[in-house]
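Participant: Each chain, written out:
Number of protein chains: 2
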Amino acid sequence: MTTQAKPKAAVLLSQPKLRRLCSPACRQYLETHFEVHWNERERELSAEELVPFAEDAAYLFTSWGSPRLSESFFKHAAELRAVAHAAGSVKFFLPASVFEAGVRVFSANPRLSLPVSEYCMAVIFAWLRHIPTYNAALHAGGYRVPGLKGRELTGSRVGLISAGATARGLIRMLQPYEVEIRVYDPFLSEAQARQLGVIPSTLEEAMGCTIVSNHAPNLPETAGLIGAEQLARIPDEGIFINSGRAAQVDTAALVAELKSGRIYAACDVFDEEPLPVDSPLRGLANVILTPHVGAATQQADLALLPAVAEDVVRMMRGEPTRFEIAAADFSRLA
Amino acid sequence: MTTQAKPKAAVLLSQPKLRRLCSPACRQYLETHFEVHWNERERELSAEELVPFAEDAAYLFTSWGSPRLSESFFKHAAELRAVAHAAGSVKFFLPASVFEAGVRVFSANPRLSLPVSEYCMAVIFAWLRHIPTYNAALHAGGYRVPGLKGRELTGSRVGLISAGATARGLIRMLQPYEVEIRVYDPFLSEAQARQLGVIPSTLEEAMGCTIVSNHAPNLPETAGLIGAEQLARIPDEGIFINSGRAAQVDTAALVAELKSGRIYAACDVFDEEPLPVDSPLRGLANVILTPHVGAATQQADLALLPAVAEDVVRMMRGEPTRFEIAAADFSRLA
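Line order of the protein sequences matches chains L and G.
Counting from 1, one number per residue, gives the positions in the first sequence under the UniProt record's numbering.
Counting from 1, one number per residue, gives the positions in the second sequence under the UniProt record's numbering.
These are computed hints drawn from the structure, not numbers from a lab.
Quick caveat: nothing in here was measured; it's all calculated off a predicted structure.
Hints may contain errors.
Unchecked claim - In the DSSO-like style, the derived pairs of lysine-lysine whose C-alpha atoms are separated by at most 27 Å in a straight line are:
1. L:75 / L:8
2. L:149 / G:149
3. G:149 / L:91
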């Protein structure tokens, strides 16, 4: 294969990012299909460095921490055909005008829903079986914990707020447990609900389940969707999970409900991240706290860059793409 | 319905046990089908109290903590037709000679495998996603934990030691994750393995998986089955789960492997229970410890007595039973 035949690609990812996200096989794949300009720095490019680094590229590969591509950058990038984001949300890295220049946009976001669905299973089971409580008791020298008794997932009721990709993964993982699943999603049709095997429900009905998981998209219309009134609908000893976005849940109301000891919760996302040291969530024994790691798995890390790289190659070959974002969907992205 | 038509049943369970295991509906079911002699005591019957309490019963209902039924008891119990154990292992409550007297034996053991399978899912996911580590870090005021990265269950390799009811439940629950399951079970035929979708394996092969779960039956032949050599086969960062019986695992070898920091583990069963305060397992951050609660769920508690009661009624009607133990299987019971 001759070098001249390959289109130019600029990989903006810093060396630390590449060590995490780009396996030797992925590096080889990129070099097979592109003339690659690698970011050899140990840090991200600055906005000033971006133009000389990437202005002649036909394809741009970006990820978390990559510099935002401004409208002025696109004036320089005359050859650019696509931006491929090896991470989740791409919306804040690009101006909406990107599509007017005929540039196509890819995001590995769909690959990130699988680990988040698995995270939800992890914290559902953790609270159903009181793993944090028992484990703390035994490591502290105790054994039995009076008044504590586990519960089965099988036969329980699960409420899902929104039926996006993560919720659908969760529905699939709940399949062996004969659970009743109530979904609140204004955009879910009766036919889709039937196909998923779930019951279309009001927000109130979904919040009334023993296990409630928030997957609402991060839009202005969903901000504060789950407040004191909604949390009060969770039955006693119910489990509330937020692995989605913090803005949809009224944190003060959740803290009040947790302080009453009435429910259990797991939070992976917070209004402010890193979670402030003085957050009232810290120290409450009935909430599992994790540092926004719902999508953070070894497997997902290594899958993101190949996912968008292979999709760009499909685009180059005129084949149907899998990770491309249509211009019409861009503004509605979470 | 006249009282005379009902056979006599003695329910040995103490009042505290009945409050936990016998719902009002279950009490009514028993009183509909039997003339019930309830143990009105707040404690278990002594061996001496047993004979006058139960000698005229046709059906005996027992559970954890019930007195052992000796051969001499059976000499008194001339009317006895069945013993129904509303709990797991029934072997140690009865002499093997029970069958010679024509008494039939029931155990709710099969109903207890479901919560143990779910327990295994709980601790598998807990370690795959480092829930104990992250949760401890955040509650202690921290946030990110350097060097820690979750893993996905999807696509991983799971080794099961023995293919009993709990392992089969786990196989079913692993179905959504496209895992490769290697099973070590000398009694599992190729055809059964194919039907379960698992790979028949040597003990060494099963122990070489990323996730290994022990379900070996508690028999003299399986004592010490998993020692230092077998544990050493678990890959680095692998997860070892013992929700079965303690005797199958060399605890000193497990402690040594855990102290090296090479693997993660979850133990629900111990050589001595309650776990001694000075157990070397306590305080090791890479082992989840729970107080033999694998089968302990609210749902299972309330299902045990109905399970065997309904089965005894099936026997009375000459219908096929579901929870009965054949004489030939009794000595091989775990």
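Participant: Please go over all the hints and tell whether each is borne out by the structure.
Facilitator: Right, here's what the structure says about each hint:
For the proposed pair residue 75 of chain L and residue 8 of chain L, the alpha carbon gap of about 18 Å is at most 27 Å, so the pair holds. This hinted pair does not check out: residue 149 of chain L and residue 149 of chain G have alpha carbons roughly 31 Å apart, beyond 27 Å. Taking the CA atoms of residue 149 of chain G and residue 91 of chain L, the gap is about 26 Å. The hint holds against a cut of 27 Å.
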